[in-house]
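Engineer: Once you've looked at the hints, dock chain U with the ligands against the given chain X.
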Amino acid sequence: MELDTVLMSRLLTALTLGFHIIFATIGVGVPLMISIAEFIGIRKKDPHYTMLARRWTRGFIITVAIGVVTGTAIGLQLSLVWPNFMQVAGNVIALPLFMEVFAFFFEAIFLGIYLYTWDRFKPFTHWLMSLPIVLGAGMSAVFITTVNGFMNTPDGFEVENGQFVAVNPIEAMLNAATPTKVFHVLSSAYLTAAALLAAIAAFMILKKKASDYHKKSLKLMMTMVFLFGALNVLAGDVSAKFLAEHQPEKLAAAEWHFETEEGADLILFGWLNDAHEVRGEIRIPNFLSFLAHGDFNAEVTGLEETPQEYWPPLWVHYMFDLMVMIGFALVGISLLFLVFSWFKRWNEHNRPLLWLIVASGPLAFLAIEFGWIYAEEGRQPWIIRGYMTVEEAATTSPYIGWMLLLFLGLYIVLGTACVVVLRKLFRNNPAEDELEKHYPGIEKGDHS
Amino acid sequence: MSYELIGIAVLWIFLYGYLIVASIDFGAGFFAFYAKITKKDHIVSQLISRYLSPVWEITNVFFVFFFVGVVGFFPDTAYYYGSALLVPASFAIVLLAIRGSFYAFENYGSKQSTVYLFLYGATGLLIPASLSVALTLSEGGFIVEENGAVRLQYLELFTSPLSWSIVALALVSVLFISATFLTFYANRANDQPALNLVRNYALFWSTPTIIAALTAFIFLSQHNERHFNNMMDLWWMLGLSVGFFMVAMWLLYSERNYGLAFVSVMLQFFFAFFAYGIGHYPYILDPYITIQEGATNPAMGIALVVAFLGGLVLLIPSLILVFRLFLFDADYVKGKK
Ligand code: HDD
Ligand code: HEM
Ligand code: HEM
Numbered sequence: 001m002e003l004d005t006v007l008m009s010r011l012l013t014a015l016t017l018g019f020h021i022i023f024a025t026i027g028v029g030v031p032l033m034i035s036i037a038e039f040i041g042i043r044k045k046d047p048h049y050t051m052l053a054r055r056w057t058r059g060f061i062i063t064v065a066i067g068v069v070t071g072t073a074i075g076l077q078l079s080l081v082w083p084n085f086m087q088v089a090g091n092v093i094a095l096p097l098f099m100e101v102f103a104f105f106f107e108a109i110f111l112g113i114y115l116y117t118w119d120r121f122k123p124f125t126h127w128l129m130s131l132p133i134v135l136g137a138g139m140s141a142v143f144i145t146t147v148n149g150f151m152n153t154p155d156g157f158e159v160e161n162g163q164f165v166a167v168n169p170i171e172a173m174l175n176a177a178t179p180t181k182v183f184h185v186l187s188s189a190y191l192t193a194a195a196l197l198a199a200i201a202a203f204m205i206l207k208k209k210a211s212d213y214h215k216k217s218l219k220l221m222m223t224m225v226f227l228f229g230a231l232n233v234l235a236g237d238v239s240a241k242f243l244a245e246h247q248p249e250k251l252a253a254a255e256w257h258f259e260t261e262e263g264a265d266l267i268l269f270g271w272l273n274d275a276h277e278v279r280g281e282i283r284i285p286n287f288l289s290f291l292a293h294g295d296f297n298a299e300v301t302g303l304e305e306t307p308q309e310y311w312p313p314l315w316v317h318y319m320f321d322l323m324v325m326i327g328f329a330l331v332g333i334s335l336l337f338l339v340f341s342w343f344k345r346w347n348e349h350n351r352p353l354l355w356l357i358v359a360s361g362p363l364a365f366l367a368i369e370f371g372w373i374y375a376e377e378g379r380q381p382w383i384i385r386g387y388m389t390v391e392e393a394a395t396t397s398p399y400i401g402w403m404l405l406l407f408l409g410l411y412i413v414l415g416t417a418c419v420v421v422l423r424k425l426f427r428n429n430p431a432e433d434e435l436e437k438h439y440p441g442i443e444k445g446d447h448s
Numbered sequence: 449m450s451y452e453l454i455g456i457a458v459l460w461i462f463l464y465g466y467l468i469v470a471s472i473d474f475g476a477g478f479f480a481f482y483a484k485i486t487k488k489d490h491i492v493s494q495l496i497s498r499y500l501s502p503v504w505e506i507t508n509v510f511f512v513f514f515f516v517g518v519v520g521f522f523p524d525t526a527y528y529y530g531s532a533l534l535v536p537a538s539f540a541i542v543l544l545a546i547r548g549s550f551y552a553f554e555n556y557g558s559k560q561s562t563v564y565l566f567l568y569g570a571t572g573l574l575i576p577a578s579l580s581v582a583l584t585l586s587e588g589g590f591i592v593e594e595n596g597a598v599r600l601q602y603l604e605l606f607t608s609p610l611s612w613s614i615v616a617l618a619l620v621s622v623l624f625i626s627a628t629f630l631t632f633y634a635n636r637a638n639d640q641p642a643l644n645l646v647r648n649y650a651l652f653w654s655t656p657t658i659i660a661a662l663t664a665f666i667f668l669s670q671h672n673e674r675h676f677n678n679m680m681d682l683w684w685m686l687g688l689s690v691g692f693f694m695v696a697m698w699l700l701y702s703e704r705n706y707g708l709a710f711v712s713v714m715l716q717f718f719f720a721f722f723a724y725g726i727g728h729y730p731y732i733l734d735p736y737i738t739i740q741e742g743a744t745n746p747a748m749g750i751a752l753v754v755a756f757l758g759g760l761v762l763l764i765p766s767l768i769l770v771f772r773l774f775l776f777d778a779d780y781v782k783g784k785k
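Protein sequences appear in the order of chains X and U. Be aware that the first sequence starts at 1, since it is given in my numbering, and climbs by one per residue. Be aware that the second sequence starts at 449, since it is given in my numbering, and climbs by one per residue.
Bound conformation, chain X alone (with noise of 0.2 angstroms):
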């Protein structure tokens, strides 16, 4: 039974995290959206922009909402359920998690000035309303991301008698594993916002005719896609440096590196027999060390080095890969795209093309799931790496397997109704319409 409730423990707060960080990311990155089509629509003058940004906001707010709620469940869910970990960390890490809340005010406040006064401000003044909600939203993210760094590489404190003391509340902060994380969770969410709305852009250009208004949506939408993507692919290459420095536990199990050596190979996909021999692997050789240290030589550790008991699951491999793959994968898309629409001569929009940007939405969130599933169980048996472990630190409460039924019911139901409500919000209210009734006089139809 003992057991039971640290799995049960474990799936309740991978589901309710799960959830959350969908509707995270789109809150951390869509409002930069919001905020560089608004103000391109005042340099350029183009209603067409400042559309795009009216209509993102609309939909936004009700992701925001679920984003919240789901926030908000995550917050008391760490008391509910990791109460013992609570206790301990909330000695050190307390100070991020509090100042969040202040982000939160900020961007909360903010959102609700920015949605109603569209048409009370000048255009300039309402914009200037959204920097808020980006840097509210960004530094939420930062914030978090600290204390999910704090678990990984804890620091900031000296244990005494089981006791947390000589505590240093910004040491714990900042501490080894904050910068690339920041980094790179900053720079998939922006990844993944642009993504998602440059699929959202392609899927009405394949469904309807193409429009100006969904051909400028998808145009600047894929080339923050290259931009940020070509950014998060750096930001994750120095986050396996700092792994290989810090945890490299975490990056051996994540690539099957069993021996320490140097010149390691990169292993891509296959599977392990019982001897613990991968097979059926790509392999790119010394690319490992490449990847650990910059270096096409440099000396990659192995699991060998940490006792068995504190290995990671070795399925993460798979985790890591398919964000790895995805990750290449929406640069080259949205390199493609750019590539077509620089010569006059071809089509950017061609029918494989956008199937192609369709399905970069959906790849984005399922990379961000990947990589937080990688991040976390590559942590384990650990919650505070080195100290505590997860089954230290769950509940002991036997109706917890209970609450995951609850939860998973509720997050059944916010999931489809969210969906239910965005596609009756936008189906019966088309771009084209909303265009015309605010602008009236502006030209339709496809010239490019």
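A few of these clues could be false.
Pulled a few chain U residues facing chain X out of the computed Cβ check, cut under 7 angstroms [said to hold, decoys possible]:
#, residue
1, Val512
2, Val519
3, Ala526
4, Ser538
5, Ala545
6, Val770
Quick list of simulated restraints, FRET-style, between CB atoms [as the list claims (entries may be wrong)]:
#, chain 1, residue 1, chain 2, residue 2, range
7, X, Ala14, U, Gly589, 33 to 39 angstroms
8, U, Pro656, X, Lys207, 52 to 58 angstroms
9, U, Thr562, X, Val159, 55 to 61 angstroms
10, X, Val420, U, Tyr602, 33 to 39 angstroms
11, U, Arg599, X, Leu314, 35 to 41 angstroms
12, U, Phe566, X, Glu160, 52 to 58 angstroms
13, X, Val159, U, Arg599, 26 to 32 angstroms
14, U, Thr562, X, Lys122, 36 to 42 angstroms
No lab work stands behind these hints, which were simulated from the structure alone. Quick reminder that beta carbons are idealized off the backbone N, C-alpha and C, glycines included.
Structural biologist: Just chain U with the ligands now, kept in the frame of chain X:
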């Protein structure tokens, strides 16, 4: 003042803030639903949504602030309340989640639907009822620690007159606070039909509020004598609370100065809430957590206080801006913007 005292004071003030803004929100949900089934929705629904739409997310953050702050300043609360409250708090989360998201769906998404409105109205009463249980638990006797495991004694809780009287108090207070605020808001909007309706709600819910408060007070004296006696020592705060209640009633009856009436209600609850809180001192959870022993280490405590001050510098101007745009801008309130 030591950091743990600053901490608890700040948290209590924010909890008070949540009490007011959330009551307005929860009560408005109930009134919106009630007006719908009594076919008066055309009178008030516009008024309610004009105020609530821009602020519901801010209301939620007050709550988040409180529980994140409590765990930050007093990590032991995570252990005791977290272990004991898994089930009731999970239900409260589900209610909050349904309420928040369906509010957004209805307001920004599709058309009005009675199902949404029912959910919205019903959760408006269920949530304060379930949240108020946390106050009951803090009185002690319901959460016990045996052999290193923390348990909530459901039977004691559900058969305790104290817990039911606190639930009743929470419900009627929510309706009273909300109705007084809406009276003020309707008056600002110059909306005479709505004003008459919500003013009647406010008058109606005033008497039950005072009766429920007295009942809860009497049951408290039976359950936790120390707390009761401490509150009796603060008789002047209780007196002020009753005094402001009278002022509010008088203003509502004589149909004037509704702004002042609402402020009086705020002060009524302020003094009662703080008499309750100060009387609770030094316990956060009787008898397991005290403010001194449950507090976090000094380094964290000071860091949190500094972060709080920094946060206020950001927060106060933004809040003033919101209030000016949506509460004190007569044209917006009247629906002209
Ligand atoms: C769109 C999403 C996305 C994409 C395309 C990628 N990642 Fe990623 N990755 C994440 C989204 C993400 C994430 C969700 O943001 C994670 C989970 C936890 C974290 O810190 O970031 C993450 C974690 C993560 C970690 C673990 C960091 C840690 O635990 O401290 C590494 C080493 C990488 N990534 C490396 C890469 C590489 C080399 C990529 C190559 C293209 C890549 N990621 C693409
Ligand atoms: C205070 C912060 C956090 C705590 C206490 C926490 C704790 C945990 C725990 C205990 C698990 C279960 C792991 C397992 O045993 O399988 C888990 C899984 C997970 N966490 Fe974290 N985590 C935190 C931060 C984050 C953050 C910031 C994210 C980002 C969204 C995140 C995403 C996930 C995901 C997606 C899983 C599921 C992985 C799986 O399938 O097991 N976590 N977390
Ligand atoms: C352990 C992990 C997490 C906790 C405890 C947590 C907590 C919360 C809470 C309490 C809220 C609601 C705030 C409100 O009332 O406005 C929220 C919303 C939010 N969270 Fe999370 N969160 C976690 C993971 C994450 C991650 C990993 C990110 C970003 C990468 C994130 C970004 C956001 C954003 C942007 C919002 C605002 C909602 C929106 O605007 O869409 N959160 N979170």
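Engineer: Could you tell me which of the numbered hints above are not met by this structure, giving the numbers in increasing order?
Structural biologist: Failing hints: none at all.
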